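Read top to bottom, the protein sequences are chains A and B. Going left to right, the first sequence walks through residues -12 to 101 as the working numbering numbers them. Going left to right, the second sequence walks through residues 37 to 151 as the working numbering numbers them.
These are calculated hints, taken from the structure and not from any lab test. It should be emphasised that the depicted structure is a prediction, and the values quoted were computed from it without experimental measurement. For each residue, glycine too, the CB sits at the ideal point set by N, CA and C. Worth double-checking, as some hints may not be accurate.
[To be verified] From chain A, some residues computed to sit far from chain B (all C-beta separations above 12 Å):
(1) Asn11
(2) Ser71
(3) Thr73
[Unchecked claim] Below, a list of computed lysine to aspartate or glutamate pairs in the DMTMM-like style, where the Cα atoms sit at most 20 Å apart:
(4) A:Lys45 to A:Glu7
(5) B:Lys104 to B:Asp66
(6) A:Lys93 to B:Asp66
(7) A:Lys93 to A:Glu7
(8) A:Lys93 to A:Asp72
(9) A:Lys56 to B:Glu80
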Amino acid sequence: AQSVTQLDSQVPVFEEAPVELRCNYSSSVSVYLFWYVQYPNQGLQLLLKYLSGSTLVKGINGFEAEFNKSQTSFHLRKPSVHISDTAEYFCAVSRPNSGYALNFGKGTSLLVTP
Amino acid sequence: DAGVIQSPRHEVTEMGQEVTLRCKPISGHDYLFWYRQTMMRGLELLIYFNNNVPIDDSGMPEDRFSAKMPNASFSTLKIQPSEPRDSAVYFCASSLGGASGNTIYFGEGSWLTVV
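Can you make the complete structure from the sequences, with help from the hints?
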């Protein structure tokens, strides 16, 4: 079965500092990985996705993630965060036998303070 | 383009009442998903449809929950009777094609409180 584990439930960081949100996955087949962001009182928005090819994936809002097969990880990074990046971030893995629905991690709450 | 549209955005109802949540997927999308989000369990897939046909409802918690998709542009999730433990955010999402790389687009959610 495909699953993801987000290692941090909350990550506080100061504005303009770098941040890394950690995600490990478990999959018995080829894996397709996603990061979504949920701003307060809103739905989920796709940040980026890894399907194949280059292991470094760039997304919107300056975020990027690196797929590491040997460590079964897909960590999300941003070199300099803004207050507006405060949100909940979800790592997800595709479920091939369910219309490619997504299995989500529990989420990481990123809190950016001045 | 309009995204996935859900209604109502917020609903407060009394235990035992029927609740109907509505969803309009993105035009042309052939997959529709219903998810539930709670603090305890996170985001859970309840059911998904392909071309209006329910394919997998194994995530529906119990018989009080039902979902329909009478046409390509409309789906409902019904809870009858509702219970306080059903309080959650319910998301509808849609995608074009059931391939691995297809992006799933989410609505803004229906925030349900059962008192």
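Right, here's what the structure says about each hint:
Every CB of chain B is more than 12 Å from the CB of Asn11 of chain A (nearest about 16 Å), matching its label as outside the interface. With 12 Å as the threshold on Cβ separation, the claim that Ser71 of chain A sits away from chain B holds: the shortest Cβ distance comes to roughly 18 Å. In this structure Thr73 of chain A is separated from chain B by more than 12 Å, as the shortest Cβ-Cβ distance comes to about 18 Å. Straight-line distance between C-alpha atoms of Lys45 of chain A and Glu7 of chain A comes to about 14 Å, which keeps the hinted pair within the 20 Å bound.
Note on Lys104 of chain B and Asp66 of chain B: the hinted pairing holds, with a Cα-Cα distance of about 14 Å set against a maximum of 20 Å. Straight-line distance between C-alpha atoms of Lys93 of chain A and Asp66 of chain B comes to about 27 Å, which puts the hinted pair past the 20 Å bound. Pair hint Lys93 of chain A plus Glu7 of chain A holds up; C-alpha atoms about 16 Å apart against a cutoff of 20 Å. The hinted pair formed by Lys93 of chain A and Asp72 of chain A meets the criterion: a straight-line CA distance of about 18 Å does not exceed 20 Å.
The hinted pair formed by Lys56 of chain A and Glu80 of chain B fails the criterion: a straight-line CA distance of about 26 Å is larger than 20 Å.
Hint compliance for this structure: hints 6 and 9 are broken, all remaining hints hold.
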